[in-house]
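Enquirer: What follows is each chain in one-letter form.
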Amino acid sequence: MVNGKSGTRRAFDPAGRMGIAAFVVVVGFAFLFIRLGYIQLGQYGGQLDRYSDRHWSSMYIQHQRGLILDRAGRVMSASVEGRSLYAHPQKIKDRNRLAVLLTRLGILSLEESMERLSAPKPFVWLAHGIDIQQWNGIKKEFSGIEGVEAMPEWRRRYPLDKVGANVIGFVGSDGRGLAGVEFMLDQELAGDIESLHVEIGDHGLPVILDSQGHENPVFRGRDVQLTLDAYVQESVDHVLAETVDACEAKGGSIVVLNPRTGEIIAMGSEPSFDPNNFSDFPPAQYKNQAINTVFEPGSTFKIVTLAALATDRRTALSENVICNGSISIPGVPKPIHCYASHGPVTFREAIEASCNVGVIHAALELEPEQFYRMVQSFGFGIPTGVGLPGEEKGILRKPYQWSGSTRAVMAIGQEIAVTNLQMAMAMSVIANGGDLIKPQIVLKPPLKPQIVRNVIRPEIAAIARDFLLSVVEGDMGTGKKAKVAGVRVGGKTGTAQIADPRGGYAPDRFLSSFIGFLPAESPQLVISVWIHEPNPAIAHFGGDVAAPAFAKIAASAMKFLNIPTAAANP
Amino acid sequence: MIGLTTLRSRLDRIGDTDIRIALWTALVVCLGNIFVYSSSALMAQRSELYGYASDYFVKKQIAATIVGVLACLFIATCLSWKHIERFSGIVLAGSIVSLVLVFVPGIGMPAAHVNRWISIAGFSFQPAEPAKLALVLYLAKFIADRESRWIGSHAVVKILLLSSIVSFLIYKEPDFSTAVFVMLLTMLMLFMGGLSWTYIGSTAGVAVCIAAIGLASKSYVLSRIQSYLKPWNDPGSHGFQILQSYIALGRGGTTGVGLGNSIQKTALLPAPHTDFIYAVIGEETGFVGTVCVAALFLAFFVYGLRMAYRMPNLFLKLATAGIVYAISLQALINMAVVTGLMPVTGEPLPLISVGGTSMVITLMSIGCLMAFSRELPQTAVEKGAG
Numbered sequence: 001m002v003n004g005k006s007g008t009r010r011a012f013d014p015a016g017r018m019g020i021a022a023f024v025v026v027v028g029f030a031f032l033f034i035r036l037g038y039i040q041l042g043q044y045g046g047q048l049d050r051y052s053d054r055h056w057s058s059m060y061i062q063h064q065r066g067l068i069l070d071r072a073g074r075v076m077s078a079s080v081e082g083r084s085l086y087a088h089p090q091k092i093k094d095r096n097r098l099a100v101l102l103t104r105l106g107i108l109s110l111e112e113s114m115e116r117l118s119a120p121k122p123f124v125w126l127a128h129g130i131d132i133q134q135w136n137g138i139k140k141e142f143s144g145i146e147g148v149e150a151m152p153e154w155r156r157r158y159p160l161d162k163v164g165a166n167v168i169g170f171v172g173s174d175g176r177g178l179a180g181v182e183f184m185l186d187q188e189l190a191g192d193i194e195s196l197h198v199e200i201g202d203h204g205l206p207v208i209l210d211s212q213g214h215e216n217p218v219f220r221g222r223d224v225q226l227t228l229d230a231y232v233q234e235s236v237d238h239v240l241a242e243t244v245d246a247c248e249a250k251g252g253s254i255v256v257l258n259p260r261t262g263e264i265i266a267m268g269s270e271p272s273f274d275p276n277n278f279s280d281f282p283p284a285q286y287k288n289q290a291i292n293t294v295f296e297p298g299s300t301f302k303i304v305t306l307a308a309l310a311t312d313r314r315t316a317l318s319e320n321v322i323c324n325g326s327i328s329i330p331g332v333p334k335p336i337h338c339y340a341s342h343g344p345v346t347f348r349e350a351i352e353a354s355c356n357v358g359v360i361h362a363a364l365e366l367e368p369e370q371f372y373r374m375v376q377s378f379g380f381g382i383p384t385g386v387g388l389p390g391e392e393k394g395i396l397r398k399p400y401q402w403s404g405s406t407r408a409v410m411a412i413g414q415e416i417a418v419t420n421l422q423m424a425m426a427m428s429v430i431a432n433g434g435d436l437i438k439p440q441i442v443l444k445p446p447l448k449p450q451i452v453r454n455v456i457r458p459e460i461a462a463i464a465r466d467f468l469l470s471v472v473e474g475d476m477g478t479g480k481k482a483k484v485a486g487v488r489v490g491g492k493t494g495t496a497q498i499a500d501p502r503g504g505y506a507p508d509r510f511l512s513s514f515i516g517f518l519p520a521e522s523p524q525l526v527i528s529v530w531i532h533e534p535n536p537a538i539a540h541f542g543g544d545v546a547a548p549a550f551a552k553i554a555a556s557a558m559k560f561l562n563i564p565t566a567a568a569n570p
Numbered sequence: 001m002i003g004l005t006t007l008r009s010r011l012d013r014i015g016d017t018d019i020r021i022a023l024w025t026a027l028v029v030c031l032g033n034i035f036v037y038s039s040s041a042l043m044a045q046r047s048e049l050y051g052y053a054s055d056y057f058v059k060k061q062i063a064a065t066i067v068g069v070l071a072c073l074f075i076a077t078c079l080s081w082k083h084i085e086r087f088s089g090i091v092l093a094g095s096i097v098s099l100v101l102v103f104v105p106g107i108g109m110p111a112a113h114v115n116r117w118i119s120i121a122g123f124s125f126q127p128a129e130p131a132k133l134a135l136v137l138y139l140a141k142f143i144a145d146r147e148s149r150w151i152g153s154h155a156v157v158k159i160l161l162l163s164s165i166v167s168f169l170i171y172k173e174p175d176f177s178t179a180v181f182v183m184l185l186t187m188l189m190l191f192m193g194g195l196s197w198t199y200i201g202s203t204a205g206v207a208v209c210i211a212a213i214g215l216a217s218k219s220y221v222l223s224r225i226q227s228y229l230k231p232w233n234d235p236g237s238h239g240f241q242i243l244q245s246y247i248a249l250g251r252g253g254t255t256g257v258g259l260g261n262s263i264q265k266t267a268l269l270p271a272p273h274t275d276f277i278y279a280v281i282g283e284e285t286g287f288v289g290t291v292c293v294a295a296l297f298l299a300f301f302v303y304g305l306r307m308a309y310r311m312p313n314l315f316l317k318l319a320t321a322g323i324v325y326a327i328s329l330q331a332l333i334n335m336a337v338v339t340g341l342m343p344v345t346g347e348p349l350p351l352i353s354v355g356g357t358s359m360v361i362t363l364m365s366i367g368c369l370m371a372f373s374r375e376l377p378q379t380a381v382e383k384g385a386g
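Chains as they are written, first to last, in the working numbering: chain V, 1 to 570; chain R, 1 to 386.
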């Protein structure tokens with residue numbers, strides 16, 4: 001075949017060469033057939049079969065934490081997707097370039113990034129909690145760089161910043177709640193972190209499927225709805241911070257709750273912190289002062305004395321006494337002082353003006369055992385059971401431990417230590433007609449008040465409310481500044497000296513408080529304001545420090561919760 | 001362009017087109033789509049990336065098959081071998097431009113540090129695939145145009161330069177195995193086209209050097225070869241794929257575990273729908289299935305080469321043989337990888353593996369073969385039958 005068929009074509013017949021190449025290919029196919037037979041028909045296949053078991057493993061997967069919502073469904077805490085950036089320093093080729101890149105992106109300072117990237121470790125963290133939007137923007141910069149990886153993670157964000165921080169708490173970098181509601185309801189928010197049964201797949205990576213068989217699902221924890229109202233909480237936090245500032249006080253707490261259901265509408269605490277950057281604040285500020293701190297309540301505790309007298313010594317309520325500024329108790333060397341000489345007062349006036357002499361005089365008619373049982377059934381000496389972490393139970397000594405003065409001074413709120421929440425629950429007893437309710441922070445339908453016990457009869461509660469009305473409305477009333485436009489308010493002021501650790505009472509450290517309820521006819525709110533250690537040079541009486549704060553909070557809470565004023569609803 | 005009379009004369013000759021290649025292609029494509037569905041359904045159903053739709057891959061594959069069949073029919077009926085020979089240079093130039101475009105931001109679509117795709121007007125494809133076909137056709141033309149009996153040294157240098165450009169661009173994507181495959185095809189074309197034995201020795205040396213440099217500079221190639229030699233030593237990493245492939249084939253046994261029943265594809269076998277689809281075939285249909293598929297490709301090879309042998313001129317001989325080798329060698333390499341005869345490479349199984357570009361281009365190659373088949377001298381029996 002020297003002459004090609006198409007004339008101009010050259011004279012080369014590739015048949016021989018094609019044959020040689022074809023021989024190689026055919027030999028290749030022959031090898032293939034032999035190999036197939038060897039693997040699929042022979043012993044080899046049987047040997048391999050034992051490797052063909054599917055491999056399963058147990059693993060834990062971090063769920064997307066549930067939302068924390070307020071009673072109206074406003075988001076108070078949410079987990080958003082983010083990225084953690086880490087590096088394998090030994091795999092990094094151009095350390096300087098990467099360090100410059102990290103600095104340019106604002107992730108780390110130049111010195112810090114050089115230090116971490118030069119560390120003789122197989123693994124270093126570069127950054128935690130990069131927002132997903134931010135990451136999507138800068139992702140490309142890292143695409144060509146070996147040894148730097150991003151790991152998905154959930155970031156806990158608090159859109160309302162400081163609002164309710166001391167109640168809601170915060171979450172650590174491992175995704176576990178460390179304080180407040182985040183800690184209390186960690187199990188629920190985090191979801192059932194049970195181990196997943198997963199198949200180990202391609203290159204030993206687990207195949208994570210959800211119930212529909214979809215890959216890489218997002219497991220979510222349960223959302224939690226609280227009884228808090230974010231708006232009321234915001235105003236409580238604001239008023240509290242303002243009051244603490246104005247009085248140069250050390251701190252304070254405010255509880256707003258519904259006395260019928262025990263729902264906590266707001267709970268403020270100072271000093272506070274920003275849960276988005278909780279590590280920037282000293283841990284002491286994480287405390288929820290309303291439940292984690294106890295004080296001798298002072299005169300606000302007279303509401304319990306009042307209820308005890310109305311129950312067991314009704315006649316004492318109509319007796320008169322002359323207050324000359326102090327009263328001596330049999331068996332106690334030092335007389336107990338009143339802050340003023342009130343002269344002749346009725347018991348009503350003694351409550352109204354917070355006259356210690358008048359109240360002690362009447363209280364001496366109570367049997368110690370009787371009084372103790374009343375104090376105890378008001379819920380003092382044991383935690384309220386709200387469930388928030390670290391709740392204090394206060395100090396209530398048993399009658400056999402009492403000193404000679406205890407009965408008298410406990411009547412005016414000394415030698416007993418209580419939390420603000422306990423005080424608010426005691427006021428709720430009077431406000432709701434005699435039942436001690438368990439306070440609630442989680443809104444769980446159906447919401448039924450959890451009655452702990454009936455403490456006093458409804459008519460006794462009505463008498464007590466009537467006495468407390470005159471604290472705000474009477475001529476001698478210490479709580480006049482607690483008046484709220486359009487609604488009748490009842491309450492009690494308190495100005496307690498703070499016990500000195502060395503014994504006795506410090507002369508210039510006070511707990512100024514006001515606790516009240518409204519509307520007086522049918523109370524729907526109990527608000528308890530405690531201000532710790534206001535500067536006495538500015539003001540220290542509960543009626544001057546705490547009562548105005550009460551009035552402001554009451555006004556805004558009524559607005560936000562749609563509680564009708566008397567004018568609007570005659 | 002094509003005049004009316006030439007068109008009519010061509011239509012008269014449509015009956016001379018080889019129908020057996022079309023039947024073979026239809027059979028393989030149908031089998032391919034069945035196994036694409038079987039191997040990809042679970043994976044697609046699981047992943048958000050594929051919309052949790054089990055038919056994600058098979059839909060795309062069927063769409064590519066339809067486009068490919070239309071292109072194949074166009075080439076087989078409307079073009080003659082002369083058109084194909086004439087346009088081969090332009091198509092090759094276009095392919096080289098496309099290979100450059102993968103590196104152009106906005107047109108190239110980088111995925112996981114790899115630039116293998118370009119996207120034009122909503123369609124995306126891998127330019128390396130048309131480049132292989134165009135190179136084979138152009139080399140056939142170039143070699144057939146030489147006047148001397150042996151390919152001269154100038155021509156050899158030109159051919160090697162051209163192929164190296166194509167190969168280098170593919171190597172830079174990076175796609176080492178396709179780059180090597182391009183050089184392999186070039187060597188084959190030169191060998192069949194009449195390279196003198198002295199040149200064969202020297203070019204083989206150059207090829208070995210290039211391959212060695214490539215090996216040394218691409219660390220993943222070395223690790224693949226090591227895992228080929230000792231897959232059991234490294235079951236967690238590079239030996240993993242081949243080990244899982246052995247297990248799949250071994251589980252298949254003689255008749256397989258049944259269509260759709262593969263366990264290896266559910267989690268352990270990597271790329272069960274592309275590079276390792278043959279292992280899924282082996283698990284589900286056993287030795288019978290794997291041998292049938294291999295035999296189909298062997299039959300194609302033998303039949304195609306016989307056709308090349310009978311072709312009337314050098315261009316047709318070389319072009320036919322080149323296409324037949326390109327398809328058969330890809331298939332053989334893929335099957336050899338899956339059975340552990342060769343180190344892991346990224347060659348798909350033509351007409352069977354998922355891959356739109358590969359499907360369309362392979363079908364177009366088949367279209368070229370059918371167009372060429374009209375030039376076969378009619379044997380006495382066939383003439384009598386016709």
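There may be inaccurate statements among the hints.
[What the hints assert, rightly or not] Simulated pairs of lysine-lysine, DSS-like, Cα-Cα distance not exceeding 30 angstroms:
hint: 1; chain 1: V; residue 1: 91; chain 2: R; residue 2: 172
hint: 2; chain 1: V; residue 1: 287; chain 2: V; residue 2: 559
hint: 3; chain 1: V; residue 1: 140; chain 2: V; residue 2: 480
hint: 4; chain 1: V; residue 1: 559; chain 2: V; residue 2: 480
hint: 5; chain 1: V; residue 1: 139; chain 2: R; residue 2: 172
hint: 6; chain 1: V; residue 1: 162; chain 2: V; residue 2: 552
hint: 7; chain 1: V; residue 1: 162; chain 2: V; residue 2: 334
hint: 8; chain 1: V; residue 1: 162; chain 2: V; residue 2: 398
hint: 9; chain 1: V; residue 1: 438; chain 2: V; residue 2: 287
hint: 10; chain 1: V; residue 1: 139; chain 2: V; residue 2: 91
hint: 11; chain 1: R; residue 1: 172; chain 2: V; residue 2: 93
hint: 12; chain 1: R; residue 1: 141; chain 2: V; residue 2: 250
hint: 13; chain 1: V; residue 1: 438; chain 2: V; residue 2: 393
hint: 14; chain 1: R; residue 1: 141; chain 2: V; residue 2: 140
hint: 15; chain 1: R; residue 1: 172; chain 2: R; residue 2: 141
Simulated from the structure, these hints should not be mistaken for laboratory data.
Enquirer: Of the hints given before, which are not true for this structure?
Expert: As far as the earlier hints go, 3, 7, 8, 12, 14 are violated by this structure, in ascending order.
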